[in-house]
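*Asks:* Taking the hints as your guide, dock the two standalone chains into a single complex.
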Amino acid sequence: MMMADIMTGETSHLETSANKYFYADAKIVTAELKACLPWLNDMNKEELKELLNGVKERLLDITVKNSLNGELRVKNY
Amino acid sequence: MPTVLFDCDTAIPERKRHCYIKEMGEDTTQYLPSSDISTIPGTLSERGCAYCGAKLVIGGVLKDTIQMIHGPVGCAYDTWHTKRYPSDNGNFQLKYVWSTNLKEKDVVFGGERRLKASILEAFAEMPNIKRMIIYTTCATALIGDDPKKIAAEVQKELKDIDIFVVECPGFAGVSQSKGHHEFNISWMRDKVGTWEPKITSPYTINFIGDYNIQEDSYVCEKYFHKMGIQIIAHFTGNTTYDSLRGMHRAKLNLVNCARSAGYIANELKKSYGIPRMDIDSWGFEYCKIMLRKLGAFFSLEDKAEEVIAEEVEKWKPKYDWYKTRLPGKKVAIWTGGPRLWHWTRALEDELGMKVVAMSSKFGHQEDFEKAIARGTTGTIYIDDGNELEFFEVIEKVNPDLILTGPRVGDLVKKLHIPYVNGHAYHNGPYMGFEGAVNMARDMYNAINSPLMKLAKEDLRGG
Chain A
1 MMMADIMTGE TSHLETSANK YFYADAKIVT AELKACLPWL NDMNKEELKE
51 LLNGVKERLL DITVKNSLNG ELRVKNY
Chain B
1001 MPTVLFDCDT AIPERKRHCY IKEMGEDTTQ YLPSSDISTI PGTLSERGCA
1051 YCGAKLVIGG VLKDTIQMIH GPVGCAYDTW HTKRYPSDNG NFQLKYVWST
1101 NLKEKDVVFG GERRLKASIL EAFAEMPNIK RMIIYTTCAT ALIGDDPKKI
1151 AAEVQKELKD IDIFVVECPG FAGVSQSKGH HEFNISWMRD KVGTWEPKIT
1201 SPYTINFIGD YNIQEDSYVC EKYFHKMGIQ IIAHFTGNTT YDSLRGMHRA
1251 KLNLVNCARS AGYIANELKK SYGIPRMDID SWGFEYCKIM LRKLGAFFSL
1301 EDKAEEVIAE EVEKWKPKYD WYKTRLPGKK VAIWTGGPRL WHWTRALEDE
1351 LGMKVVAMSS KFGHQEDFEK AIARGTTGTI YIDDGNELEF FEVIEKVNPD
1401 LILTGPRVGD LVKKLHIPYV NGHAYHNGPY MGFEGAVNMA RDMYNAINSP
1451 LMKLAKEDLR GG
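For the protein sequence lines, the chains are A and B, in the order given. When you number the first sequence by my numbering, it's gap-free, plus one each residue, and the end is 77. When you number the second sequence by my numbering, it's gap-free, plus one each residue, and the end is 1462.
Pulled out of the complex, with its shape left as it was, chain B reads as follows (with noise of 0.2 Å):
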């Protein structure tokens, strides 16, 4: 079927090349939603900004680096706490934020004084720390501030430190997506190959476009380690600064994430030959495509089936007990990108879900051609969608369960519709075979809850 509009967008009908419904035969040569294009004006669009895409999702990650955010303390505010990434030591990125706080003044008379300031203070409450990422913002953008010349400066002055910039204004690019490109190209233009990691194993690879989701790159890290892989960098689940900067050692870039950190991997892949291994790390089956693909690279097929053997032993017969009160289940999608053709073979194939309806905030169209050629015929795809058409959905399709974000997640509960986290998760991790339990699970509860029945009472009778 030709792209819809939707009866809410008749005010709006540019909004009718972003929504798509797949009908028997068609492929994404003949229709294919626009994406990554500007949001129009207008439209509630769910979307977050440049910057949210460089620090919340990728330099945030890190564990033992001051975060620097050059701008008005709400851009710091608010992308700290809001997504959960854990690490080893304590949590130190969860627990602390760091803002030049940027005033009226700053932006008459130039903000450079007081960046310079603030990442001095920085430095010297926090003397065991000796890494820094500097984000520019909207305000500081604007008004010509230049973090790299102030960076170097410091680097000179305090001389063990080392401070990355990555220009990322929030208005720069249409979504989030354009913060991930910038994170990316700058990170490799700046930093790889200036650090030399130690090399213990023959076998060593980058998982790139992992950010360890409430633990999930502990689980992918135990299986490699048990095949007796080395884990140069995550980029950038649980990671250190420094190992990102060694990045250009590794024999193999495994890449989940592709829309957030697929540049990364391109660009090793042109300046150093590192091959690129896209892979799905949710999912029972996909798990074990992904460990089988890496086996065969190294030559490691058995270490891989062992490991498979060991983990589906343990983890298939309560993947099983799901497998049978899940099917028929009708389930949207509705998440940044890449989870729409992650998530929905293995919802469908594996657990007889029926995926309705898919929904991306800042995915290209290279998600849509891989979530429309994975996703099954009736469903609806929409791209950037806005709160209107996700009413309208839902009259629609009437789903079982919504995966998705908080902010779209609060609207739904409103509607008596359970709801999964489908960023941060509810439960996690969800990768690998027991994160594959994990959500399941919070997939059954969230639908058999009796919590949304009772919210539509009124309580008060008669």
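Same shape as in the complex, but just chain A (with noise of 0.2 Å):
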């Protein structure tokens, strides 16, 4: 969990294109997310990791479990 990495100042494994793009994105969503909610600076990285699970699974249930977006299930889109 990249995030939680870099909210609780640990250093992030960057060899791979994807990992170092997962990482720019993870680091700008951070620095917003620091800046809107700052009692996620009180968190320690366990609760960060559940809160940011927690964050993940809504964002998919929105983008993606529950999307009426057909073209997700266009097999060839």
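Hints in this document: simulated from the structure, not taken from any laboratory. Yeah, the Cβ is synthetic: ideal placement off N, Cα and C, and Gly gets one too. Careful: at least some of the hints might be erroneous.
Unchecked claim - The list that follows gives simulated cross-link-like pairs (lysine to aspartate or glutamate, DMTMM-like), each with its CA atoms no further than 25 Å apart:
id : chain 1 : residue 1 : chain 2 : residue 2
1  : B       : LYS1318   : B       : GLU1285
2  : B       : LYS1116   : B       : ASP1146
3  : B       : LYS1323   : B       : ASP1280
4  : B       : LYS1453   : B       : GLU1387
5  : B       : LYS1303   : A       : ASP5
6  : A       : LYS20     : B       : ASP1302
7  : A       : LYS75     : B       : GLU1267
8  : A       : LYS27     : A       : GLU57
9  : A       : LYS20     : B       : GLU1285
10 : B       : LYS1303   : A       : GLU32
11 : A       : LYS20     : A       : GLU32
12 : A       : LYS75     : B       : ASP1190
13 : A       : LYS49     : A       : GLU15
14 : B       : LYS1103   : B       : GLU1121
15 : B       : LYS1270   : A       : GLU71
16 : B       : LYS1148   : B       : GLU1167
17 : B       : LYS1329   : B       : GLU1392
18 : A       : LYS20     : B       : ASP1280
19 : A       : LYS34     : B       : GLU1348
20 : A       : LYS27     : B       : GLU1221
21 : B       : LYS1330   : B       : GLU1457
22 : A       : LYS27     : B       : GLU1306
23 : A       : LYS65     : B       : ASP1278
24 : B       : LYS1288   : B       : GLU1306
25 : A       : LYS27     : B       : ASP1302
26 : B       : LYS1314   : B       : ASP1349
To be verified - Computed beta-carbon distance windows for the label pairs:
id : chain 1 : residue 1 : chain 2 : residue 2 : range
27 : B       : GLU1014   : A       : GLY9      : 54 to 60 Å
28 : B       : PHE1171   : A       : CYS36     : 44 to 50 Å
29 : A       : CYS36     : B       : ILE1037   : 33 to 39 Å
*Replies:* Spelled out as structure tokens, the structure:
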């Protein structure tokens, strides 16, 4: 969980392009979240992981699992 | 609120699923307008065709390429000089237009001979130009011409030239979006990987989905170059044919217009493992995010911050002037698709404006998911809006300004409502920090110009 690593100051392994991309995205979202929700700074890594897993599930619910976007069900798309 | 049927649409109730007003607590898993489906016969659609999507939006921007339009001359004429994408070589792509000028005789007997003669004539007239794109149109697709066969024949004969064929007849698909798709996928299949670019930096990108509208590309390019980043290819602002053949060598695809060019970024990811980074390049805060993301990817964070500091210092005072004068102004965004979600937060969060209505001509449901997620409650969201719906929305929300293209722009001017060209801009560039200032200035000038008030008056008096 790259965002939790960044929030708790741990270093991430960035050997692959894909990891570098995830890191760049996570870094920006983390900065925004910390600015908007300062109480995140008081959470430990386990609490953060649990919270972020919940956010991830919610995002997947909205954008994939329960999405009404018909294109997601088109096999060739 | 469930999707809504406007009063003007009572005769075409199918329009209900295309119109939505967001209410508090709702998300896109409950309601999402239908989009990228056929226009309902009888509505006054503002959409373009697949050929328009391939030529006017993407291919026609290339600055060193003959654009051979295989069809009646109207197809060529109507996509010439209607969008402002300059280049740094004297605007070759804006000065000329090429057409096979198909006639009834060719429809009966076939247009391939005319196509071959036109290709040879164009290369002979412009001996310094060695690259060409051939576009099919409704007529030439219907009669079954085979432009790929002709292109191969000419390539054999002339040897030092290269031709790309895009099969984009206007009737294919439901809007210009199909033409974007065709161009992306065909270019990837036929041309990417056939040319090797000279690599001058360890940090290389393709800047995808930016068409140098009124010099947008130059603004972003300046930032990237200051960070030491090499742009392998612009897809397709101020770009060359061959640079697009070398897209496989970039380390990152930076995607601005995800609707018209997200496909090629996806294909490059699948075939070459190049990550796709989606960004917004309009608005001060979005620009900061774009540069910071780019900096984080290449470990160039310091360089990104230097560029941001320099640009903010230069442009913030001007931006702040407009920030105190635009809050509360009601604006409608009636453009192609992605600008709905690119612009709404920038206008609301940065300038304090209220986006009261959004309409997309060719956006897909993915675009509406983004627009509705970023948009606010009470806002009207419409897919493939028609003229009568625009009239009704204007009555409902009474906007101070409409960001739209010249077609709908002329319509709203007749109602004495100011509009700013949301496609090709009034006085751009609109991208980047300076672009945000330009856009704010054009909106402010449009809203405060006395022209629309004067236009309402009957000068004859009495």
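*Asks:* Each hint needs a verdict: does it hold in this structure or not?
*Replies:* Each hint tested on the structure:
1. B/LYS1318 <-> B/GLU1285: holds, 15 Å
2. B/LYS1116 <-> B/ASP1146: Holds, at about 11 Å.
3. B/LYS1323 <-> B/ASP1280: holds, 20 Å
4. B/LYS1453 <-> B/GLU1387: holds, 23 Å
5. B/LYS1303 <-> A/ASP5: holds, 24 Å
6. A/LYS20 <-> B/ASP1302: holds, 17 Å
7. A/LYS75 <-> B/GLU1267: holds, 16 Å
8. A/LYS27 <-> A/GLU57: holds, 19 Å
9. A/LYS20 <-> B/GLU1285: Distance of about 22 Å is within 25 Å: holds.
10. B/LYS1303 <-> A/GLU32: holds, 20 Å
11. A/LYS20 <-> A/GLU32: Measuring from Cα to Cα gives roughly 19 Å; hence the hint holds.
12. A/LYS75 <-> B/ASP1190: Answer holds: A/LYS75 to B/ASP1190 is near 23 Å, not above 25 Å.
13. A/LYS49 <-> A/GLU15: holds, 23 Å
14. B/LYS1103 <-> B/GLU1121: holds, 18 Å
15. B/LYS1270 <-> A/GLU71: Since the Cα atoms of B/LYS1270 and A/GLU71 sit roughly 19 Å apart, the hinted pair holds (cutoff 25 Å).
16. B/LYS1148 <-> B/GLU1167: holds, 9 Å
17. B/LYS1329 <-> B/GLU1392: holds, 19 Å
18. A/LYS20 <-> B/ASP1280: Answer holds: A/LYS20 to B/ASP1280 is near 19 Å, not above 25 Å.
19. A/LYS34 <-> B/GLU1348: holds, 21 Å
20. A/LYS27 <-> B/GLU1221: holds, 23 Å
21. B/LYS1330 <-> B/GLU1457: holds, 23 Å
22. A/LYS27 <-> B/GLU1306: holds, 18 Å
23. A/LYS65 <-> B/ASP1278: Holds, because 22 Å separates the two Cα atoms, which is no more than 25 Å.
24. B/LYS1288 <-> B/GLU1306: Since the Cα atoms of B/LYS1288 and B/GLU1306 sit roughly 11 Å apart, the hinted pair holds (cutoff 25 Å).
25. A/LYS27 <-> B/ASP1302: holds, 14 Å
26. B/LYS1314 <-> B/ASP1349: The hint holds at about 21 Å.
27. B/GLU1014 <-> A/GLY9: 54 to 60 Å: holds, 55 Å
28. B/PHE1171 <-> A/CYS36: 44 to 50 Å: Check passed, 48 Å falls within 44 to 50 Å.
29. A/CYS36 <-> B/ILE1037: 33 to 39 Å: Holds, since A/CYS36 and B/ILE1037 (Cβ atoms, about 37 Å apart) stay within the stated range.
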